[in-house]
Amino acid sequence: MKFRTLLAIVAGVLPGSLAAVVLFLTIYSWPAIRFNGLEFAFRNTWNLGNLYADPVTLGGVSIQPGAHYGILFLIVGTLLSTLIALLLAVPVGVGAAIFLAEAVSGKFRLWISFCVELLAAIPSVVFGLWGYVVLIPFLAHHVFPLLAGTLGLAIPIFGGETGSGYGLLTAGVVLSLMVVPLIAATLRDAIVVQPATIREASMGLGATRFETVWKVVLPNVNKVLIGATFLALGRALGETMAVLMVSGNALNYLPPNIYAPISTMAAFIVSQLDSALQDPTEMAVRSLAEIALVLCIISVIVNGLARLMLLAWSPGRRLAR
Amino acid sequence: MSVASIPAGTVSATVPKLHKMRMARRLFSSLGWATTGFCLALLSILMLWILAVVAIRGASAMSLSLFTTITQGNGGGLLNAIEGTVVLSVGAMLLAVPFGVGAGIYISEYRQTSWATAIRFLADVLVGVPSIVMGYFGYVTMIDYLGWGFSVAAGSIILAIICLPYICRTTELALEQVPNALREAGYALGAGEWRVIMRIILPSVLPGILTGIMLALAISIGETAPLLYTAGWSNYLWDGRLTHSPIGYLTYAVYTFINEPFAEANALAYAAAFLVTSFVLLINVLSRFVFDRHHQ
Chain X
1 MKFRTLLAIV AGVLPGSLAA VVLFLTIYSW PAIRFNGLEF AFRNTWNLGN LYADPVTLGG
61 VSIQPGAHYG ILFLIVGTLL STLIALLLAV PVGVGAAIFL AEAVSGKFRL WISFCVELLA
121 AIPSVVFGLW GYVVLIPFLA HHVFPLLAGT LGLAIPIFGG ETGSGYGLLT AGVVLSLMVV
181 PLIAATLRDA IVVQPATIRE ASMGLGATRF ETVWKVVLPN VNKVLIGATF LALGRALGET
241 MAVLMVSGNA LNYLPPNIYA PISTMAAFIV SQLDSALQDP TEMAVRSLAE IALVLCIISV
301 IVNGLARLML LAWSPGRRLA R
Chain F
1 MSVASIPAGT VSATVPKLHK MRMARRLFSS LGWATTGFCL ALLSILMLWI LAVVAIRGAS
61 AMSLSLFTTI TQGNGGGLLN AIEGTVVLSV GAMLLAVPFG VGAGIYISEY RQTSWATAIR
121 FLADVLVGVP SIVMGYFGYV TMIDYLGWGF SVAAGSIILA IICLPYICRT TELALEQVPN
181 ALREAGYALG AGEWRVIMRI ILPSVLPGIL TGIMLALAIS IGETAPLLYT AGWSNYLWDG
241 RLTHSPIGYL TYAVYTFINE PFAEANALAY AAAFLVTSFV LLINVLSRFV FDRHHQ
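Going down the list, the protein sequences come from chains X and F. Going by the numbering used here, the first residue of the first sequence is number 1, and it counts up by one from there. Going by the numbering used here, the first residue of the second sequence is number 1, and it counts up by one from there.
It should be emphasised that the hints constitute simulated quantities derived from the structure, not laboratory data. Computed from a predicted model, the values in this text were never measured in an experiment. Check each hint, because a few of them may be wrong.
Stated by the list, open to error - If you want the footprint, here are the derived chain F segments under chain X, 3+ residues with CB under 8 Å: (1) 77–84; (2) 99–105; (3) 163–177.
Note that CB positions come from ideal geometry on N, CA and C, so glycine has one too.
Could you put together the complete structure from these sequences and hints?
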């Protein structure tokens, strides 16, 4: 066999793995997909049914009596926590990238950049630990009451019960911290490689340095920013451990305000597998597989789009994590 | 002529207006620098805060018995978890390195083929698949269909799949640095593809490839979610079996023992977090140095 052919086959492991993930999750969850139907996404009822009763046959599949699977609350929790994460991470990431690229120079820039990138290397369970031990008490005792007392008077979602600290906003804050290095590093690289001529032209016309960055350089890299935001979106959607440890793991419950407990699709798979295994008909584990499949497809689409954008728009490729 | 035609009053009215505009622009610029500087400072402070919490609480939980005894109930040591993390990560690297490096060579050396383009793109997409999805895939296939039970094999294979795209892409990046003249010289001397790639190109970029492998190792050490339902957890040392035998790992200790209401258990969690974070950061710093030296 030619060496080239051998390498081509070895390289096939990558698409092979991706295909296998989608294929096996689909096969495994197929009974659940048929049983749950489209309402899966719009119902707010994750209920394993009566586990002490005999299984009944409904629509050709065997389930525990009373079993219902709907994950609206997970979709809402996932989308809202990701939205908060991006609302916090994008401005901070852009600001940090600008300052790193334009105001910090030489060796100092290398070191600070490295520190920001190290933030991305910290394992998610350590973010979870920090969120659980430090951030939750801090937010619950100091920040949330303050927010509810000021912003809460004007905007209803910031008002009401501030709870124990486990919840939507905490999850969003931790997630934002996990994705912000991605945005900052990608954008900084794009700003640094912008041609000096556009800066010189702008400053030659009398713009200040900041005006040059803000009004000339930044619009030039806005597509990179969109691509990086999509990457961050993909990561936030699928983040598991940190969210699991700070979100409060709500069940069948839509958050009435920004402090309320939530759960996300990724975290729910971890928190529910043990109890789902109690279902002798296996419909619960198969419904969890359906969640994993949905999450997988969403992240493939989001990441595919992000890569296409970055590939088409940015001059230098970069291995972003 | 035009200067003379401007009425006297206009000039005196424009100068303060221009002055005001300049002040506004200066204010905007200063505020801009202050805000962006604040963003960077905020990030740095939060990062230091996380590291300080892990370092201080972790260091105070350190003791020699952590490294010599296994977990017992809510206390004991972390020997089983440390051993498990090493076994799982080494297993993952043994599987991922040949395939990842091979795939990286392919997409770099045969980049003009459409198969290479597809693989490069799919590697990037695979990076974005949530690790819990990988874990559940491992549960469905290896634990359920194949009946392996929670095991080293299942955990390592899933970690390997997660690490594959990183190794593949860093290998490709490293190979891109090799000047084409080197390849041409090899072929001109009559060497085949195998010899040119394995004997000439690969050795010249070994540090770059090693960097990628080290970063992948750091990722495999820090993963939790994909292992929960593939490797399981065990309080005991590994019995050497690849299947039907669960194994402990450090990140599980962080996740589980921090939720226990006992100070002893919490200390284990801090110690485990300290070990994992130190490993991961050390690997990142080291690989940065290797990479920088190689590129200078």
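Hints versus structure:
no.: 1; hint: 77–84; verdict: violated (count 0)
no.: 2; hint: 99–105; verdict: holds (count 4)
no.: 3; hint: 163–177; verdict: holds (count 7)
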